[in-house]
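**Q** Chains A and B supply the protein sequences, listed in that same order.
The first sequence begins at 1 in my numbering and counts up by one.
The second sequence begins at 1 in my numbering and counts up by one.
A hint or two may mislead.
One copy or any two copies: either way a pair holds, since identical chains are not told apart in the list.
List of simulated lysine to aspartate or glutamate pairs, EDC-like, C-alpha gap at most 20 Å [stated by the list, open to error]:
1) K173 x E217
2) K155 x D141
3) K5 x E29
4) K155 x E90
5) K164 x D141
6) K164 x E148
7) K173 x D141
8) K155 x D77
Honestly, the hints are just simulated from the structure, not real lab data.
This one's a predicted model, so the numbers in the text were calculated from it and none came from an experiment.
2 protein chains.
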Amino acid sequence: MFEVKAVILLSGGLDSSTVLYQAKADGCECYAISFDYQQRHRRELESARAIALSAHIKAHQVVNFDLTLWGGSALTDNEMELPIDRNLAEMSQNIPITYVPARNTIFLSFALAYAETLGAQRIYIGVNALDYSGYPDCRLDYIQAMQEVFRLGTKQGREGEAIKIVTPLIELKKTEIIELGNNLGVPWEQTWSCYAGGETACGVCDSCRLRLAAFEELGLKDPVFYA
Amino acid sequence: MFEVKAVILLSGGLDSSTVLYQAKADGCECYAISFDYQQRHRRELESARAIALSAHIKAHQVVNFDLTLWGGSALTDNEMELPIDRNLAEMSQNIPITYVPARNTIFLSFALAYAETLGAQRIYIGVNALDYSGYPDCRLDYIQAMQEVFRLGTKQGREGEAIKIVTPLIELKKTEIIELGNNLGVPWEQTWSCYAGGETACGVCDSCRLRLAAFEELGLKDPVFYA
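Using the sequences and the hints, build the whole thing.
**A** Have a look at this one:
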């Protein structure tokens with residue numbers, strides 16, 4: 001029935017939820033993968049599960065490991081403080097301390113393992129090079145380097161066609177992502193973007209600020225409840 | 001005191017143990033990393049711990065995750081049977097079912113995260129392109145592709161010098177690895193190569209056969225006890 005199987009990296013946030021709905025719209029049989037890495041905002045996994053259910057996908061794997069073993073990020077070390085109340089100009093100055101070393105490389109590696117085992121042809125990831133954070137592992141040249149790893153590092157890539165990394169959001173602004181998600185029917189109220197780890201979204205961390213600014217620019221109300 | 005910090009991928013086998021001793025001989029401050037991925041031969045982790053202790057290194061991290069979630073390899077799916085009693089010619093015909101999809105990519109990704117957090121300059125890995133198994137993620141072109149990911153996918157690689165992947169064994173034959181390990185004083189009796197998951201090494205899986213053949217070719221006795 002489906003010609004293409006795809007693994008979708010699903011954090012439960014605005015971007016990855018839009019990407020899941022895009023993969024569905026592209027006609028893929030969808031297998032989501034999420035990661036419990038003991039992140040400060042593990043609350044996002046509840047959203048990932050809710051989105052996976054809403055989208056009626058084929059399967060959803062949650063992989064567990066512990067990046068607090070060595071920390072190195074404000075998202076994996078509770079001793080480090082999250083930046084708050086920054087404007088977009090402040091956010092874009094440096095790679096922020098919410099950067100998690102090698103996170104997308106770890107995520108894409110597990111997605112690759114899952115996809116090769118399934119015989120999937122595609123992996124969807126919601127990276128976004130225009131994101132103000134400037135995370136190095138969200139840029140196109142990095143994705144191209146991972147694509148080469150997919151080609152050379154797997155049986156499927158050596159013997160046939162490599163699993164393709166699909167990045168529908170890479171050149172979109174946050175407002176454009178929200179417009180795309182609106183067209184695709186993404187249930188925003190089920191998504192979770194906040195870094196802070198509370199019961200409700202904080203509204204002041206970089207991730208909340210970016211999200212709220214984009215909804216506001218579009219003249220829309222973000223249906224997520226903020227503290 | 002040390003100028004160079006290095007993360008060493010340590011499975012507890014013959015190759016990775018030799019690489020750890022090589023990193024020490026190279027003057028590195030050594031941080032080992034091992035993986036409990038629910039592999040059939042988790043017994044190798046006891047050897048990894050013993051080798052790490054013998055080598056008096058700075059730290060040893062064991063990262064836990066579960067690759068039996070999707071299986072896809074005779075090492076992560078107990079329903080699949082290990083090939084046994086094969087000669088070297090039989091082993092070299094195809095990529096065998098002991099291939100674990102994306103395993104070295106997952107391992108190197110975690111090593112990268114650990115190394116960047118430590119501020120390490122090098123990652124040592126005991127891949128070997130002459131290995132009869134023909135695993136795609138043990139070849140030089142794959143390692144070069146991962147090196148590019150290290151450069152583009154991390155803060156350290158974008159802002160300064162990328163963490164370097166060091167592969168001391170990549171062009172060595174198994175007999176040459178044993179000779180190198182002998183010179184470095186690797187305690188072979190503490191290492192573990194067998195895939196089968198028993199209390200003693202089976203002597204008939206591909207990994208045991210390769211190891212035994214190499215010791216025999218050198219006229220040496222393998223001190224590991226075989227069933």
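**Q** Each of the hints needs a verdict: does it hold here or not?
**A** Here is what the structure says about each hint:
no.: 1; hint: K173 x E217; in the structure: within (11 Å within a copy, 62 Å between copies)
no.: 2; hint: K155 x D141; in the structure: between (24 Å within a copy, 14 Å between copies)
no.: 3; hint: K5 x E29; in the structure: within (5 Å within a copy, 44 Å between copies)
no.: 4; hint: K155 x E90; in the structure: between (44 Å within a copy, 18 Å between copies)
no.: 5; hint: K164 x D141; in the structure: both (15 Å within a copy, 19 Å between copies)
no.: 6; hint: K164 x E148; in the structure: both (10 Å within a copy, 18 Å between copies)
no.: 7; hint: K173 x D141; in the structure: within (18 Å within a copy, 35 Å between copies)
no.: 8; hint: K155 x D77; in the structure: between (37 Å within a copy, 18 Å between copies)
This entry satisfies every hint, going by the numbered hints stated previously.
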